[in-house]
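Generate the whole structure from the sequences, applying the supplied hints.
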Amino acid sequence: MKKLLTLASLLVLASLVLAACGTPATEAPAATEAPAATEAPAATEAPAATEAPVMEKDMLAAVLERGYILVSTDPNYEPQSFLNTEGTRPADTKCPSDALTNAEIQGFDVDAATAIGDALGVETCFATPSWDLITAGSWSDKWDVSVGSMTINTSRQQVLDFSVPYYYTPAVIAVAADSGFDTIESLAGQALCAGVSTTYEAWLNNDMEALGLPDSSIYAAVPEGITVVPLETDQECAQSIASGRKDFVGYVTSETVVDANLAAGLPVKKLEGAVYSEDLAAAFDKSSTLDTASLLAKVDEVFTAMHADGTLSELSNKWFGMDITQAPN
Amino acid sequence: MSFFSKTQNAPKSQAELLYDIQVRKERRFRANVGLSWLILVFILVMAFSGQEVTIGSKTFSGIQIDTEFMRKNLTFIAGGLGETIRISLMSIALAMILALLAALGRLSTVPPIYALSTFYVSLIRGTPLYLQIFFFFLALPQLGIILSGLWAGVLALGLNYGAYMSEIFRAGLSSVGKGQREAAMAIGMTPAQTMRRVILPQALRFAIPPVGNEFIAMTKDSALVSATGFVHELMWRSTKVGRAQFHNLEALIMAAMFYWVMTLLLTYIQSIIETRLARGDR
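Just so you know, the sequences run in chain order A and B. Quick note on numbering: our numbering labels position 204 of the first sequence as 204, and the sequence is numbered without any gaps. For our numbering, add 1000 to where a residue sits in the second sequence, where the first one is 1.
Everything labelled a hint here was simulated from the structure, so no lab data went into it. Hints should not be assumed to be uniformly reliable.
Taking lysine-lysine and the DSS-like style, the derived pairs with C-alpha atoms no more than 27 Å apart in a straight line are [stated by the list, open to error]:
#1 A:K246 to A:K269
#2 A:K57 to A:K94
#3 A:K318 to B:K1072
#4 A:K270 to A:K246
#5 B:K1220 to B:K1072
#6 A:K246 to B:K1058
Model, not experiment: these values are computed from the prediction.
Right under this line is the structure:
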């Protein structure tokens, strides 16, 4: 009997030890903050001194103090943001254990985010919350900023603050290659797919309030009498068609995603003409307990400089094979 | 030499013959089960080989999968195994403690304790695990408790399994005969001593094998923890590489294989523990 009790308590103990081992790892960022504090005076001098002495702590100062900026991005999309499965995590990284380092993730968004970190002189780390958690706001300070190809729209503006756009994406409709549809109007009465909580879904639902785009950037009317099929991400829409399912004839997503689908050899085709264009920007949580204004201004400054000196165009050419950083008229 | 030939030639008794038949029967049964398993595995592999099989006039074509993608991402997806096991171990530890407390509460005669225990079990069993994981991730920050994705997941899994496992522990506790308690009281043990020295050791032996089963189930439910996006375990890794590279199916098949192999191993370990514990039966 005693043996049994020992066995059981050993099991529990072993698990607790394992759990305890896990704790320092997750608390590591807090621990690294302490040594960083010695560098803090030098680093925070410039921004903190010019800011009014508000009660809230300044996010820019906090980022400089801890030595890394935590950027959220959704690694479901190539070439915007996707995992680098061959990358190894550097041993001396300051990133929290549940965040990815620059070596483990790659893409256009990742490079744009890294440019912000470089401009601040800090390491850039990537948190990977699911997309609907990012767009919902109320991040509870779990990450600082989203650089994840997020479209500026009015409903998101209620919970998030946006930087200047860093690139623009036309939204298009792709249909199954063998479906025989050639124009947007011909899709009347059909079922179309979009990722859930995306602007594509809002457009399909003809919910212009949720889409929240200015009329000038909307180019086409929603086909009449369509059925909307929301799936977890746009990629499921494409894969569903590729696997031969017939739940819908096409899907709405960004032109870049459709191009990537085509490049991967998926049996789809792109319908001529954009339905609307999206302005994509970095986003901050309005409910953050830190004051985000100074970091937002810094991000605006970095993006504006990158637009001006052609760095963004270069990155765009590198990842998309074309320049999509120029504002559509 | 002479000894050997003697035993070989000696006619077997009726009982020995019957026993031999029994052994042979069992051996044949096992061999047939093994063969059937091989055939089933073969069919499964063929189904995913993408090859065309013609049986009579009908042609079946298998599911096409990209083995190159699977080879390239094998190590990356396998890297999530450790995280999956770590979450499961931490959660099962929490679940065991909660289950034991809830089971003791269920046997309590103090109304608030009994109520607390039944309330917990009812609330947790009445809501989906997926929802609970998001609840701890999203709601607790409003109370000033900010849990990382990992801890929100472990808390949800532990609470959830604790509620289900409380039934196992309760059954274990009530399996100990009334006479045991009376005997312990008779030799002057306090109720706490009775519980610690007499009831619990016997109850635990009854409860440990089902806990193993729950643990095996938990390794698979731990996949839900990846939903918040912060826990980079098996499921998270396979869905992310699958989606980004348009190979959801391949990535999920790989995750399935890892989960299956892990389950086979754990089931084996579980059976060893079970035979060990059965040895104590008198």
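Now the hints, each set against the structure:
1. A:K246 to A:K269: Between K246 of chain A and K269 of chain A the Cα gap is close to 16 Å, so the pair holds against 27 Å.
2. A:K57 to A:K94: Distance ~21 Å between K57 of chain A and K94 of chain A Cα, so the pair holds.
3. A:K318 to B:K1072: Given that 27 Å is the threshold and the Cα spacing comes to 23 Å, the pair holds.
4. A:K270 to A:K246: Holds - the C-alpha atoms of K246 of chain A and K270 of chain A are around 18 Å apart, at most 27 Å.
5. B:K1220 to B:K1072: 24 Å, holds
6. A:K246 to B:K1058: Roughly 24 Å separates the two Cα atoms, so the pair holds.
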